[in-house]
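Engineer: Residue strings, one per chain:
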Amino acid sequence: MNGTIVQAAAWSPARTYALEAKYEFLKVLRMPGYALPSIAFPAMFYLLFGIMFGRGMVGGVSMPIYLIATYGAFGVIGASLFAFGVGVAIERAQGWMMLKRASPMPPMAFFVAKLVTCTIFAAVVVGVLAALGVTLGHVRLPSAAWLHLGTTLVLGAIPFCALGLGLGYLVGPNAAPPIVNLIYLPMSFLSGLWIPFEILPPAVKTIAPFLPAFHLGQLALGAIGAGAGAPVWSHVAALAGFTVIGLGLAFWGYRRDEG
Amino acid sequence: MIAELRGVTKTYGSVVALDNLTLALEAGRVTAILGPNGAGKTSAIRLLLGLTRATRGTVALFGTDPRSPAARRRTGVMLQIAKVPETLTVREHVHLFCSYYPSPMSVNAALAAADLTAVADRRYGNLSGGQRQRVQFALAICGNPDLLFLDEPTVGLDVEARRGFWQQIRGLASAGRTIVLTTHYLEEADALADRIVMLSAGSIVADGAPHQIKARVASRRIRCVTVLPAAAIEALASVVSVRRDGSATEITTSDAEHVVRQLLFRDPGLSGLELSGAGLEEAFLTLTSSQAGNEARTMVGAGGMR
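Going down the list, the sequences are from chains A and B.
The numbering used here puts the last residue of the first sequence at 259; the count rises by one with no breaks.
The numbering used here puts the last residue of the second sequence at 565; the count rises by one with no breaks.
A few of these clues could be false.
[Claimed, not checked] In silico DSSO-like pairs for lysine-lysine, Cα to Cα no more than 27 Å straight-line: (1) A/Lys22 <-> A/Lys100; (2) B/Lys342 <-> A/Lys100; (3) A/Lys22 <-> B/Lys342.
By construction, these hints were calculated from the structure, which means they are not laboratory data.
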């Protein structure tokens, strides 16, 4: 009964990573409480404020174009914070994470699977907004700008996945949904994702640069030529900093769970 | 030694969960860790699995760190957990866990072994309590592990389901697996294990073959109405505890006949005499009360369990 270890050499973790991601995605897709609002809320907001009431120009572009970038960021941030913040808090509390830790699953597979799932949802959110913009909002952009915007938003999921992960280790399963909402919604407003940054009160404009959502919003706006003017690297650096904070919190929480 | 705790102390804040515990598990045997809530059973399992760190002492699994991938690929685990993700099917859960191991069972074989074939395509959220428990059992065995940890595998199951589980565990034991299970039930430990380790307040109070343990814990409870003061009863040989319950007195003892004889001799007016087998709680009192505890330890030494 000690002979089985020999075959371990032939075993490869690649298949585990792939299956872990596949089943994480299926698991989340079948949860109407996550999948539906993640996609429907940004789409609804965009329809209402971007297309039905979106008149005039802002930041040098039309309102429907401007708001694709900011509601895209809003959607990506929501999908990431909820999947990680609430998902991890619940799976920790229910002991599922402990069983996974006791299993031979490579620990990174668990997090990579969640990250992959998150970026797929982010891509869907952005795709839905783009489709609404093109069909109902008469948005026309060069394909290079679409590509730039889409890539920025989907990659923009990463820092918010990290922050969500940190939150998931910080809070309990019952507190997680309200706390994530309390962070997510005010942060989105203060970062100019609902109402263009240009027309926010000055007090809010001074707060915004301290919020990660502001920096993703500005990068997305930059992709369509409507950023507020700070250099790209400053936004990237700020998001990298928030990623480190999120991962640091998660690492601390992971160690704490090990007792 | 397939798994070993050496001089392990585990504290949570000021609470001592395990107190300088040394325990070695040999290959190919079924060991039951028996004890009441808070005895340290779950802490012992978590330490052996590398899920928590020892405050003092060393832990080894297959001679290495329990957190190493090599050790984990030879280990299957069933924990007491509240919930498995509900939106995946039984087959999907088992398929994923099979992929963690170098030479797993086929998914269908694992499903059949846990008696889940009929509900394989049902989502976990739509299963009954017993079926859910069997899914967790399937996740534990699907990797063909050499060593299986089952933390209270039958808690909350009805009698029939429990017997079914026992059958499956016996099957694995006869196939040469090393099994460690924790339980509240002496009956369960007796039915399955080659060796029973009794924990109380973080220490081993008895360790031996089931028949040895049963002999130790065959304590009984006497209930009667007597004028004798509690202190006088406590002074009798073999009395473990005395408790007043209204007008009645409850006595736990390892030698009921002797105590009854003494009581009737000292109090001719004694009435309402009842005698019953004691539960596990009383058995632990028997073992942890000072003189009996020492005897139990002596017996372990004589029995050569280690």
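Engineer: Look at each hint and say if it fits the structure.
Structural biologist: Going through the hints against the structure:
Note on A/Lys22 and A/Lys100: the hinted pairing holds, with a Cα-Cα distance of about 16 Å set against a maximum of 27 Å. For the hint pairing B/Lys342 with A/Lys100, the CA-to-CA distance comes to about 12 Å; that is within 27 Å, so the pair holds. For the given pair, A/Lys22 sits about 20 Å from B/Lys342 by alpha-carbon distance, which is consistent with the 27 Å threshold.
Consistency with the previously given hints is maintained throughout, with no hint failing.
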